[in-house]
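Engineer: Those letters in the sequence shown? Residues 1 to 255, per UniProt numbering, in order.
Keep in mind the hints are simulated off the structure, nothing from the lab. Any given hint might turn out to be false.
Stated by the list, open to error - Pair ranges (Cβ atoms, derived):
1) G113 x T12: 36 to 42 Å
2) E45 x Y135: 29 to 35 Å
3) R86 x L204: 35 to 41 Å
4) R109 x G26: 38 to 44 Å
5) P11 x P73: 19 to 25 Å
6) T23 x G242: 18 to 24 Å
7) M139 x P11: 30 to 36 Å
8) E128 x R165: 32 to 38 Å
9) G156 x E108: 19 to 25 Å
10) P61 x G242: 37 to 43 Å
11) E45 x R165: 37 to 43 Å
12) L241 x E152: 25 to 31 Å
13) R196 x E28: 30 to 36 Å
Here a beta-carbon is modelled for each residue, glycine too, at the ideal position from N, C-alpha and C.
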Amino acid sequence: MATALVIENDPTDDLRRLGEWLTEGGLELRVLRPHAGDPLPGDLEGYAALVVLGGDQQAYPGSDGGPGAPWFPALEGLLRKAVRGRVPTLAVCLGAQLLATAHAGRVERSPSGPEVGPALVGRRDAAEDDPLFRYVPLMPDVLQWHADEITELPHGATLLAASTRYPHQAFRLGDRAWGLQFHIECDTAMIAEWSRDSAVLAELGYDPELVVAACDRVMADVEEAWQPFAIRFAALALGELGDDNPRRSLPLLGA
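Start from the sequences, fold in the hints, and give me the full structure.
Structural biologist: Structure, rendered in structure tokens:
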């Protein structure tokens, strides 16, 4: 069985439903928790995929010039090796921001303010040629919980999903690394934990109970959109995902 290396950056943001979907897709998961002292490997030898989860840290340097977490430089190095080595990579929220900064993209405190709760994102035209996104609905349900945003994508990145206030919602680097600014892994219990004594909700003036209830109502819709996406990612990691783009099999006009 092929193994995906999972980096958990924050104990409050674990694999949850995403882990269930990846396991269902046939991947074995090895979870490293650098926040608890687990060392990161120097390379991805022996791993079929890399998954990088979210967290409360910042992807950009702090006021002292240091990284948002001590292991971030090593993690960014792994992300660069994954893209260069064409190791299937899925990076979520903070993970997506680190994927961007590892490749000279820019992440900043969002001038639009925090984005929290259920939302829709719009698939871009480039998604039609993407092996994972081409089957995602045109306006899929997602869960948002971030105050920072990717303000500049890495050179050569392909934008796959956007929204009005936050234009860089999903992107691909190379042909096998995906970054999602939004969350697909959460269940209601995770959202409830995040909502407890949340500084972000206090800043926005949101009622925590209403936020949890609103997220709970869209959990089935999020699963409907993103469980197949996760299964396809697992298939790609297992070498089972062929080039099934129907547009490429059409005859040329006039042929």
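Engineer: Hints first: check each against the structure and report whether it holds.
Structural biologist: Now the hints, each set against the structure:
1. Distance hint check for G113 and T12: the Cβ-Cβ separation is about 22 Å, which falls outside the suggested range of 36 to 42 Å.
2. Checking the proposed 29 to 35 Å range against E45 and Y135 shows it holds: the Cβ atoms sit about 31 Å from each other.
3. Range check, R86 to L204: about 40 Å between beta-carbon atoms, so the 35 to 41 Å window is met.
4. The hint said 38 to 44 Å for the Cβ distance between R109 and G26, and at roughly 39 Å that hint holds.
5. For the hinted restraint 19 to 25 Å between P11 and P73, the CB-CB distance of approximately 21 Å keeps it satisfied.
6. A beta carbon spacing of about 22 Å between T23 and G242 agrees with the range 18 to 24 Å that was offered as a hint.
7. The supplied range of 30 to 36 Å is met by M139 and P11, whose beta-carbon atoms lie about 32 Å from each other.
8. Between E128 and R165 the CB atoms are about 24 Å apart, so this pair departs from the stated range of 32 to 38 Å.
9. Between G156 and E108 the CB atoms are about 21 Å apart, so this pair conforms to the stated range of 19 to 25 Å.
10. At roughly 42 Å, the beta carbons of P61 and G242 sit within the given window of 37 to 43 Å.
11. The hinted range of 37 to 43 Å is satisfied by E45 and R165, whose Cβ atoms lie roughly 41 Å apart.
12. At roughly 30 Å, the beta-carbon separation of L241 and E152 lies within the given 25 to 31 Å, and the hint holds.
13. Range check, R196 to E28: Cβ separation about 33 Å, and the 30 to 36 Å hint holds.
In summary, the structure is inconsistent with hints 1 and 8 from the numbered list given earlier, while agreeing with the others.
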